[in-house]
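Going down the list, the protein sequences come from chains A and B.
In this text, residue positions in the first sequence follow our numbering: the first is 25, and each later residue adds one.
In this text, residue positions in the second sequence follow our numbering: the first is 25, and each later residue adds one.
Bear in mind the hints are in silico, worked out from the structure with no lab data behind them.
Predicted model only: the values in this text are computed from it and were never measured.
Backbone N, C-alpha and C fix where the C-beta goes; we use that ideal spot for every residue, glycine too.
One should not assume that every hint holds.
[What the hints assert, rightly or not] Rough simulated footprint, nothing fancy, chain B against chain A, three-plus residues with beta-carbon under 8 Å:
id, stretch
1, 78 to 90
2, 217 to 229
3, 237 to 244
4, 268 to 276
5, 304 to 312
6, 396 to 402
Number of protein chains: 2
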Amino acid sequence: MPTLPPARIGDAFSDVDTPALLVDLDAFERNLARMAETARRLGVRLRPHAKTHKSPLIAHRQMALGAVGACCQKVSEAEVLVRGGVDDVLVSNEVVGRRKIERLAALGRQAKIGICIDNPAVLDDLAAATQRFGVMLDALVEIDVGGRRCGVAPGGDAVALARRIAATPGLRFAGLQAYHGSAQHFRTPAERREAIGAARAATAATVDALRAVGLACETIGGAGTGTFEIEGASGLWNELQPGSYIFMDADYAKNTGDDGGPFRTYEHALFVKVTVMSRPTAERAVVDAGHKALSNDSGFPTVVGLAGAAYHRPSDEHGVLDLSKATRVPGIGEQLLLIPGHCDPTINLYDWYVGVRGFGTADAYVEALWPIEGRGAVT
Amino acid sequence: MPTLPPARIGDAFSDVDTPALLVDLDAFERNLARMAETARRLGVRLRPHAKTHKSPLIAHRQMALGAVGACCQKVSEAEVLVRGGVDDVLVSNEVVGRRKIERLAALGRQAKIGICIDNPAVLDDLAAATQRFGVMLDALVEIDVGGRRCGVAPGGDAVALARRIAATPGLRFAGLQAYHGSAQHFRTPAERREAIGAARAATAATVDALRAVGLACETIGGAGTGTFEIEGASGLWNELQPGSYIFMDADYAKNTGDDGGPFRTYEHALFVKVTVMSRPTAERAVVDAGHKALSNDSGFPTVVGLAGAAYHRPSDEHGVLDLSKATRVPGIGEQLLLIPGHCDPTINLYDWYVGVRGFGTADAYVEALWPIEGRGAVT
Chain A
25 MPTLPPARIG DAFSDVDTPA LLVDLDAFER NLARMAETAR RLGVRLRPHA
75 KTHKSPLIAH RQMALGAVGA CCQKVSEAEV LVRGGVDDVL VSNEVVGRRK
125 IERLAALGRQ AKIGICIDNP AVLDDLAAAT QRFGVMLDAL VEIDVGGRRC
175 GVAPGGDAVA LARRIAATPG LRFAGLQAYH GSAQHFRTPA ERREAIGAAR
225 AATAATVDAL RAVGLACETI GGAGTGTFEI EGASGLWNEL QPGSYIFMDA
275 DYAKNTGDDG GPFRTYEHAL FVKVTVMSRP TAERAVVDAG HKALSNDSGF
325 PTVVGLAGAA YHRPSDEHGV LDLSKATRVP GIGEQLLLIP GHCDPTINLY
375 DWYVGVRGFG TADAYVEALW PIEGRGAVT
Chain B
25 MPTLPPARIG DAFSDVDTPA LLVDLDAFER NLARMAETAR RLGVRLRPHA
75 KTHKSPLIAH RQMALGAVGA CCQKVSEAEV LVRGGVDDVL VSNEVVGRRK
125 IERLAALGRQ AKIGICIDNP AVLDDLAAAT QRFGVMLDAL VEIDVGGRRC
175 GVAPGGDAVA LARRIAATPG LRFAGLQAYH GSAQHFRTPA ERREAIGAAR
225 AATAATVDAL RAVGLACETI GGAGTGTFEI EGASGLWNEL QPGSYIFMDA
275 DYAKNTGDDG GPFRTYEHAL FVKVTVMSRP TAERAVVDAG HKALSNDSGF
325 PTVVGLAGAA YHRPSDEHGV LDLSKATRVP GIGEQLLLIP GHCDPTINLY
375 DWYVGVRGFG TADAYVEALW PIEGRGAVT
């Protein structure tokens with residue numbers, strides 16, 4: 025049973041219980057529109073990443089603005105999306121194991137389904153499952169373009185794998201997945217351009233080598249919120265997969281833009297509202313959100329509206345605010361807003377988005393309660 | 025809607041989908057029995073922490089072996105426990121805000137409910153809520169015994185707060201909460217003994233000062249899995265609140281015992297089963313569990329049964345295994361077991377415990393699927 029929502033529709037902002045995951049609906053909608061416009065301007069397809077939001081409803085909002093479909097990382101996420109009516113889903117990740125591959129093939133009866141492959145070891149299971157369920161799946165060869173995570177080496181190894189895929193019944197070779205994960209968080213534009221430049225060279229050489237053996241890349245996919253402008257303008261990638269742009273987070277706020285200032289084309293639209301539950305000294309307040317309410321894997325959250333206060337020393341259910349440099353001392357019961365350090369795994373801790381209209385104004389109210397239907401979908 | 029369980033009752037161990045949160049039922053049951061026996065031997069009450077397991081079923085198992093009740097950190101966790109039939113629950117934490125306090129008071133109609141207080145700012149809300157719901161709550165004064173998180177200062181400040189509690193309708197002053205959180209993870213027994221020795225002195229002085237004004241401490245509570253032997257043998261604490269002992273984790277495994285070896289009275293009984301989903305080089309495998317399947321806040325998980333392999337560089341849905349020192353190279357599709365870095369927040373990522381009987385044997389099978397009913401209970 026999921027937890028109960030921490031608010032009711034129509035509640036005043038102050039009446040939302042804490043900790044709660046809040047969406048500034050106005051900023052969120054501006055972010056959706058900005059990325060849709062960017063993809064149109066660059067002349068590339070947009071397939072936003074549902075690993076961030078885990079919500080069919082948000083995927084539909086993105087598709088209504090022009091996105092071609094959604095991508096996700098797990099078969100169970102694809103199941104949630106298809107169950108929610110999303111009809112074009114790419115699992116931008118390797119899928120291994122007979123049962124998982126059967127679940128993926130079964131989804132192919134209900135939607136257009138794509139998958140990434142970086143090793144021929146899975147081809148027998150894929151051939152059997154697609155035959156059993158009577159489906160054809162799109163298959164992208166994932167190449168390692170510098171992230172040193174998954175992916176076959178670009179060039180000859182990728183070509184050999186693509187040829188085997190093209191010869192596998194039930195699979196249609198659809199192109200390359202060329203995503204550089206770590207480059208998203210390189211702090212300066214120069215570092216990001218250098219990384220994506222190298223990725224471009226490796227990807228282009230692989231496309232050429234595939235063409236030489238008669239294999240065309242219908243899709244060259246990749247890019248995240250940190251680099252989509254670079255891939256989008258490259259003339260090579262034709263499908264962008266950013267996720268975090270809809271909400272942003274404190275980690276992305278550490279990237280800088282071309283002007284040296286913060287990387288802020290997209291607005292912070294996701295917040296965790298917390299309450300000061302203890303204030304043992306004038307220099308220390310304790311809020312009701314620790315590791316179970318914030319994923320601190322990529323740094324701590326930023327405190328909004330309390331200059332100089334720093335969140336640190338989280339434990340499971342507590343976060344300590346260092347007030348030694350704060351401009352004022354919050355009282356017991358005061359509510360504060362935090363910008364999560366890392367949006368995706370923080371969202372995965374909650375069952376509900378609390379959508380707020382008029383965020384930041386005295387009249388802010390709860391307009392929407394959206395279930396995070398893919399929360400916990402790890403298989 | 026919670027995720028579907030990753031197995032069915034009776035499934036062979038190998039057929040459990042991944043990532044999955046597994047309980048070695050034999051080790052778990054030995055851990056439960058050991059702690060119950062320890063509390064009997066020390067002559068203290070045991071109130072295990074449900075923040076770890078978030079399961080009324082496990083709380084009942086602990087109470088069947090002699091525990092007096094459960095404790096938890098959040099009102100929403102108390103709601104889950106009471107809904108599951110647990111009739112004695114202490115929220116070992118501050119509760120702030122009118123709505124939360126009303127929810128807590130409402131539970132007082134169905135179970136014996138206790139609360140911790142470290143500031144008189146909450147007393148008006150508590151008086152109003154207990155009157156409205158017609159209940160009496162037990163109140164412990166939380167004192168800061170060295171953890172520098174919540175808690176009023178020991179001594180005079182604690183006495184002043186206790187007197188105000190004793191004068192508040194609907195509250196019964198029941199004693200002190202004297203928990204030293206950070207000491208649980210001090211690595212050597214000497215460090216832990218020193219910290220709890222200091223906590224003992226501060227607590228004993230506060231007990232004496234309370235007695236001097238006619239306030240008796242029925243309960244002196246605290247202690248976790250790292251230090252319960254020290255508090256339990258102190259002659260002062262009379263209620264122990266350990267949580268992690270039922271499962272243990274890789275962080276507690278870094279504590280040493282009196283013999284200088286690992287701190288291992290309690291057995292690892294919690295594992296995350298993962299699958300190798302990519303193996304781009306002989307020195308790098310990628311498993312299907314990252315930040316959304318493992319809480320890496322207190323260090324990375326340990327890889328079981330693959331000597332020399334080290335989990336590192338997790339991203340949201342991936343973990344990289346460094347195989348440069350591994351004794352063998354696992355294949356695509358191979359399943360591995362990880363001991364989570366930190367049990368509590370890892371459990372909070374899952375909807376299901378998969379209980380395995382005969383864990384580690386060729387005949388291991390799924391005996392139980394237990395819902396983690398308090399998962400996500402953060403309010």
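Structure-based check of each hint:
| no. | hint | in the structure |
| --- | --- | --- |
| 1 | 78 to 90 | violated (count 0) |
| 2 | 217 to 229 | violated (count 0) |
| 3 | 237 to 244 | violated (count 0) |
| 4 | 268 to 276 | violated (count 0) |
| 5 | 304 to 312 | holds (count 4) |
| 6 | 396 to 402 | holds (count 5) |
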